[in-house]
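Undergrad: Chain order of the listed sequences is A and X. Quick note: to get this note's numbering, add 1076 to the position in the first sequence (first position is 1). Quick note: to get this note's numbering, add 1041 to the position in the second sequence (first position is 1).
There's no promise every hint is true.
[To be verified] Dumping the calculated DSS-like pairs for lysine-lysine here, alpha-carbon to alpha-carbon at most 30 Å:
{"hint": "1", "chain 1": "X", "residue 1": "1142", "chain 2": "X", "residue 2": "1212"}
{"hint": "2", "chain 1": "A", "residue 1": "1093", "chain 2": "X", "residue 2": "1144"}
{"hint": "3", "chain 1": "A", "residue 1": "1470", "chain 2": "A", "residue 2": "1519"}
{"hint": "4", "chain 1": "A", "residue 1": "1517", "chain 2": "A", "residue 2": "1470"}
{"hint": "5", "chain 1": "A", "residue 1": "1158", "chain 2": "A", "residue 2": "1123"}
{"hint": "6", "chain 1": "X", "residue 1": "1142", "chain 2": "A", "residue 2": "1474"}
{"hint": "7", "chain 1": "A", "residue 1": "1519", "chain 2": "A", "residue 2": "1474"}
{"hint": "8", "chain 1": "A", "residue 1": "1474", "chain 2": "A", "residue 2": "1507"}
{"hint": "9", "chain 1": "X", "residue 1": "1077", "chain 2": "A", "residue 2": "1474"}
{"hint": "10", "chain 1": "X", "residue 1": "1144", "chain 2": "A", "residue 2": "1507"}
{"hint": "11", "chain 1": "X", "residue 1": "1077", "chain 2": "A", "residue 2": "1519"}
{"hint": "12", "chain 1": "A", "residue 1": "1544", "chain 2": "A", "residue 2": "1474"}
{"hint": "13", "chain 1": "A", "residue 1": "1123", "chain 2": "X", "residue 2": "1142"}
{"hint": "14", "chain 1": "X", "residue 1": "1212", "chain 2": "A", "residue 2": "1470"}
{"hint": "15", "chain 1": "X", "residue 1": "1077", "chain 2": "X", "residue 2": "1142"}
{"hint": "16", "chain 1": "A", "residue 1": "1123", "chain 2": "A", "residue 2": "1507"}
{"hint": "17", "chain 1": "A", "residue 1": "1470", "chain 2": "A", "residue 2": "1507"}
{"hint": "18", "chain 1": "X", "residue 1": "1144", "chain 2": "X", "residue 2": "1077"}
{"hint": "19", "chain 1": "A", "residue 1": "1544", "chain 2": "X", "residue 2": "1174"}
{"hint": "20", "chain 1": "A", "residue 1": "1470", "chain 2": "X", "residue 2": "1174"}
{"hint": "21", "chain 1": "X", "residue 1": "1212", "chain 2": "A", "residue 2": "1519"}
{"hint": "22", "chain 1": "A", "residue 1": "1515", "chain 2": "X", "residue 2": "1174"}
{"hint": "23", "chain 1": "A", "residue 1": "1123", "chain 2": "X", "residue 2": "1212"}
{"hint": "24", "chain 1": "X", "residue 1": "1212", "chain 2": "X", "residue 2": "1077"}
{"hint": "25", "chain 1": "A", "residue 1": "1519", "chain 2": "X", "residue 2": "1144"}
{"hint": "26", "chain 1": "X", "residue 1": "1144", "chain 2": "A", "residue 2": "1470"}
{"hint": "27", "chain 1": "X", "residue 1": "1077", "chain 2": "A", "residue 2": "1515"}
{"hint": "28", "chain 1": "X", "residue 1": "1132", "chain 2": "X", "residue 2": "1212"}
{"hint": "29", "chain 1": "A", "residue 1": "1507", "chain 2": "A", "residue 2": "1519"}
[As the list claims (entries may be wrong)] Some chain X residues near chain A, calculated using beta-carbon distances under 10 Å:
{"hint": "30", "residue": "1084"}
{"hint": "31", "residue": "1149"}
{"hint": "32", "residue": "1216"}
Source of the hints: derived by calculation from the structure; they are not laboratory data. Glycine is no exception: its CB is placed at the ideal position from the N, C-alpha and C atoms.
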Amino acid sequence: MSGLFSFHGGLKTVRHKTESNREAIRASVLPQRLTVPLRQHIGAIAKPLVQAGDRVLKGQMIGQPDGYISAAVHAPTSGVVKAVDQRPVPHPSGLPDWCVTIDSDGEERWIAREPVDYRRLHPSALRNLLRNAGVVGLGGAAFPSAVKLNLSGHCERLETLILNGAECEPWITCDDRIMRERAAEIVAGLHVMVHLLEPREVLIGIEDDKPEAIAAMTAACAGTGYAVRAVPTRYPSGSVKQLVRLLTGKETPVDSLPVDVGVQCFNVATAYTVHRAVECGEPVISRIVTIAGHVNQPRNIESLLGAPFAGLVAQCGGYRDGVERLIMGGPMMGFALHSDEVPVTKATNCVLAAGAAELAPEQPVMPCIRCGACVEVCPADLLPQQLYWHARAKEFDKAQDYHLFSCIECGCCSYVCPSRIPLVQYYRYAKNEIWAQEKEKQKAELARQRHQARQERLEREKQEREAKLRQKAPPRAEPNAEKPSIETAVARAKAAPAPSLATAAGTGQQTD
Amino acid sequence: MFVAVIALGVLAGASGLLLGFAAVRFRVEGDPIVEKIDAILPQTQCGQCGFAGCRPYAEAIAAGEADINQCPPGGEGGIAALAELLGRDPKPLNPENGAEKPKMVAVIDEQNCIGCTLCIQACPVDAILGAAKHMHTVIARECTGCELCLAPCPVDCIQMVPVAQTIATWKWTYPVVDAKTGSPAEASVA
Ligand code: SF4
Ligand code: SF4
Ligand code: SF4
Ligand code: SF4
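Go ahead and model the full structure; you've got the sequences and the hints to work with.
TA: Okay, structure coming up:
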C-alpha cells in the first residue's frame, strides 16, 4: 500500500467546475453532415478506405491505421461519403487536414457489432482489436492505446496501472460526469487493461473536488482490489508524470516514460471506450465534450466525432454576449481556435467560449525580473526563467541543457509571472524549431546519400562506356603507364568474352 | 552447366573488382574536418557556391580555398554554424553566390513534358522519374530544390513552387509581443 506523495509546485486555480458538472451527459442531436479528420491521434495519419459516393454504415472503418503508432477512424453514423479532402480541423495553425465528409442518412444503421471474450484472445490479437477500433487516449493527447498496452522493451513487469480521473483543468468536467454515470463500464474496460498488462496494483486517481465521482468509482471497484485514491486539488495533478508521482512516489526520469519505471497510466474515458470496443463491438465514434464558459447552459455532451463545434454550442443555448475567444482544451493547456465550424475529434475534451473575464487582462509584457516565481510553481522541477532566456535568444542547445523537453507546457509559469511573459509560447517555439532542425538534418543526410549514389553510378557508367569503346577499337599495344593496372583489368574484365576473361583479370579467380 | 558456373564465377569476379575499384576511387578521405563541414552544409547540391556540390565546397573550405559565406541555401544559420566550427567570425552571405530563399520544390507540368530525359541527367539526387518519350515527374520528398533541372528543359515545363505548409510541418512561431498592448496570443486565465 502506498500512501500519498506530492509533487513540486503547481497551482490552486479558480474552479469553474460546477457550472457544467451538475447536469447529466446529453446525447448530441445528429448533425446533417459530419467531417471526420483522418488524423485525430498522435502518429501517422490514417489511410482513407472510402471515396466520394460510397455508402457507409455507422461504425464502419473509413481510415486504416498506417504504421505502428497510428489508429483507425470510423464513420460516426450511416450515410454517404461526400468527399475525402482537406478541411478545417481544430489545430492551433488553422490549417486544413484530410477529412472524410459524410452526409448522414438519418437512419443510424450500425455495422454488425460483435462482442468478444477478451480472456480467450491472445494479447496481440486483443491489442490489434483495440487499434482497429480506434482506441486512443481521450485525456487530450490522443496517443494510440494499443501501443501503451504493450510493455515489451520498457519493463519486465508492470508495478502499477493508474487510471487518471484527476481532471485538473479548471473548466473541464467530462471525466467527472463519465465517472459518475458510467463507473461500471469504466471498471469493465479497466479489467481488459489489467488482463493485458498484469500489474501488481491498480490505482485510480481522482481530485478531491469530485466527491460524487470518487463515490461512484469506489462502489464500482468493490471486490476488485482496485483502489480509488483522492488526490489534492492542485493543478496539474492530472498530468501523467505528476499523477504518477502523487500516487506512487516514483519520479519519472527526464527523457523516460512512466512505463520505464513500471507505471502505466490511462484516462478514465479511454477505459470506457476499451470496454465498448471489446464487449460491445463498438469502435470509437463519439466522445464526451465539456462546453463551458460564455454559453447559456454549460454542460457535457456526448458528441459524434466529426460534429461541428457550432452545433454543440447551439445545444447549450448558444453563446452569451462577450465571447472573445474559442478555446479547445482547458484554458491552461488548450489553444485558441480560428472558427467554430471545426469538427469534434478524439482529442476534444472541452470547448471553452472565453470572455474577457476568463482571459487574463491584457497587460504589457515587462522584462524578466528574476523573481523566481516561475521556479516555485514548475511541477516539472525546471528553471523556467533559464529556459525562457535561452529560447528567447534561440540558444536551443542551452535550452535543452536545461531540459526543455521535460516541460509539459502546463502554463503554471506563465500564470504566475509578474512580468506577464508568455513563457510557454517561447518553449513551444523552441521545441518546434529543434524538431524542425532535426528533420532538416535527416533530409540533408538522405540527399547526401542519394547524391553520392548518383556519383558512383555515373562513374560506373563511364567506366562501362569506356570499356565498350576499347573493345571496339583495336587494343593499344602497351597499357598506359599512368593508368593503374586495376583499372585496365576492370575494363578488360568487362569487355572480354567470358571464358578468356578470368585469366585476363589475373586475380586468381577460379577458371577450371 | 560447366560454362554457367564459369560465367557466374567470372561475373562475380568482375563485379568484385568493380566494387573494389569504386571503393578506392570514391573512398571518403576520412578527413574529419571535411566531414564536419559537410555535415553542416544543407546538401542541396545546387552548385551556387561555385563548386560541384556540397562536398567539394567542404573540401575547399577545409583547404582554405573558399570562404564560409558562399552557400545560399544554408543561409545565415549555416554560416553561423560554420563560423563556430572553424572558430571564425560569422559574416553575411556573399551576394555573388545568390540569396537565401524559402524552400522550394520542382514540379513538372506533365501536360507539356516531351520526355527528353534532360532533367533526369541534371538532377543531382536522382529525384526525377521518367523514361524517354514518357512524361516525367519529380519525387517531391526527395527534391532538394536546387533548380538545376530548370535550365536544361527545352520546353520550360518545370517550375519551382514553395513547399506547402501542412499540419505536420507547421511550427509555433517566435512569440510576437506587441510593445503597446503587450498582448500575447496565448489564452491565460485569470
Ligand atoms: S516569474 Fe517571470 S519575472 Fe519572475 S523569474 Fe520567472 S520569468 Fe522572470
Ligand atoms: S510550462 Fe513548463 S516550465 Fe512552465 S511551469 Fe509548466 S512544466 Fe514548468
Ligand atoms: S551552395 Fe549548394 S552545392 Fe554549395 S554547399 Fe550550398 S547547397 Fe551545397
Ligand atoms: S527536361 Fe522538361 S521536357 Fe525534358 S523530360 Fe524533363 S520535364 Fe520533360
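Undergrad: Decide, hint by hint, whether the structure agrees.
TA: Outcome of the hint check:
This hinted pair checks out: residue 1142 of chain X and residue 1212 of chain X have alpha carbons roughly 18 Å apart, not beyond 30 Å. Between residue 1093 of chain A and residue 1144 of chain X, the direct Cα distance comes to roughly 47 Å. Violation of the 30 Å bound is thereby established for this hinted pair. Annotation: proposed proximity of residue 1470 of chain A to residue 1519 of chain A holds, straight-line Cα distance about 22 Å (limit 30 Å). Between residue 1517 of chain A and residue 1470 of chain A the CA atoms are separated by roughly 18 Å; this keeps the pair inside 30 Å, and the hint holds.
A distance of roughly 17 Å separates the Cα atoms of residue 1158 of chain A and residue 1123 of chain A; the hinted pair therefore holds under the 30 Å criterion. For a cut-off of 30 Å, the pair hint linking residue 1142 of chain X to residue 1474 of chain A stands: about 28 Å separates their Cα positions. Simply put, residue 1519 of chain A and residue 1474 of chain A have alpha-carbon atoms about 24 Å apart, close enough for the 30 Å limit, and the pair holds. With a C-alpha separation of about 12 Å, the suggested pairing of residue 1474 of chain A with residue 1507 of chain A holds against the 30 Å cut-off.
For the suggested pair residue 1077 of chain X and residue 1474 of chain A, the alpha carbons sit about 21 Å apart, so the restraint of at most 30 Å is met. For the hint pairing residue 1144 of chain X with residue 1507 of chain A, the CA-to-CA distance comes to about 21 Å; that is within 30 Å, so the pair holds. Simply put, residue 1077 of chain X and residue 1519 of chain A have alpha-carbon atoms about 17 Å apart, close enough for the 30 Å limit, and the pair holds. Proposed proximity of residue 1544 of chain A and residue 1474 of chain A is contradicted: the alpha carbons are some 58 Å apart, above 30 Å.
The hinted pair formed by residue 1123 of chain A and residue 1142 of chain X fails the criterion: a straight-line CA distance of about 34 Å is larger than 30 Å. Taken as a hint, the residue 1212 of chain X and residue 1470 of chain A pair is honoured in the structure, with Cα atoms around 15 Å apart against an allowance of 30 Å. At most 30 Å may separate the alpha-carbon atoms for a hinted pair to count; residue 1077 of chain X and residue 1142 of chain X meet this at roughly 24 Å. For the suggested pair residue 1123 of chain A and residue 1507 of chain A, the alpha carbons sit about 28 Å apart, so the restraint of at most 30 Å is met.
Under the criterion of a C-alpha separation no larger than 30 Å, the hint pairing residue 1470 of chain A with residue 1507 of chain A is consistent with the structure, at around 11 Å. As the CA atoms of residue 1144 of chain X and residue 1077 of chain X are separated by approximately 23 Å, the hinted pair is consistent with the 30 Å bound. Only pairs whose Cα atoms come within 30 Å are accepted, and residue 1544 of chain A paired with residue 1174 of chain X is accepted, the gap being roughly 26 Å. A distance of roughly 50 Å separates the Cα atoms of residue 1470 of chain A and residue 1174 of chain X; the hinted pair therefore is violated under the 30 Å criterion.
Using a Cα cut-off of 30 Å, the hinted pair residue 1212 of chain X and residue 1519 of chain A holds, with the two alpha carbons roughly 17 Å apart. At most 30 Å may separate the alpha-carbon atoms for a hinted pair to count; residue 1515 of chain A and residue 1174 of chain X exceed this at roughly 36 Å. About 24 Å separates the Cα atoms of residue 1123 of chain A and residue 1212 of chain X, which keeps this hinted pair within 30 Å; it holds. The straight-line distance between the Cα atoms of residue 1212 of chain X and residue 1077 of chain X is roughly 28 Å, inside the 30 Å bound, and the hint therefore holds.
Annotation: proposed proximity of residue 1519 of chain A to residue 1144 of chain X holds, straight-line Cα distance about 13 Å (limit 30 Å). For the hint pairing residue 1144 of chain X with residue 1470 of chain A, the CA-to-CA distance comes to about 21 Å; that is within 30 Å, so the pair holds. A threshold of 30 Å between alpha carbons decides the hint, and for residue 1077 of chain X with residue 1515 of chain A the separation of about 18 Å falls inside it, so the pair holds. Between residue 1132 of chain X and residue 1212 of chain X, the direct Cα distance comes to roughly 28 Å. Compliance with the 30 Å bound is thereby established for this hinted pair.
Annotation: proposed proximity of residue 1507 of chain A to residue 1519 of chain A holds, straight-line Cα distance about 19 Å (limit 30 Å). Interface hint at residue 1084 of chain X: satisfied, since its Cβ lies 4 Å from the closest Cβ of chain A, which is below the 10 Å cut-off. A distance limit of 10 Å between C-beta atoms decides the matter here; for residue 1149 of chain X the minimum to chain A is near 18 Å, and the interface restraint is violated. Annotation: residue 1216 of chain X was flagged as interfacial toward chain A, and the flag holds, the nearest CB pair being 4 Å apart, inside 10 Å.
This entry does not satisfy hints 2, 12, 13, 20, 22, 31, going by the numbered hints stated previously.
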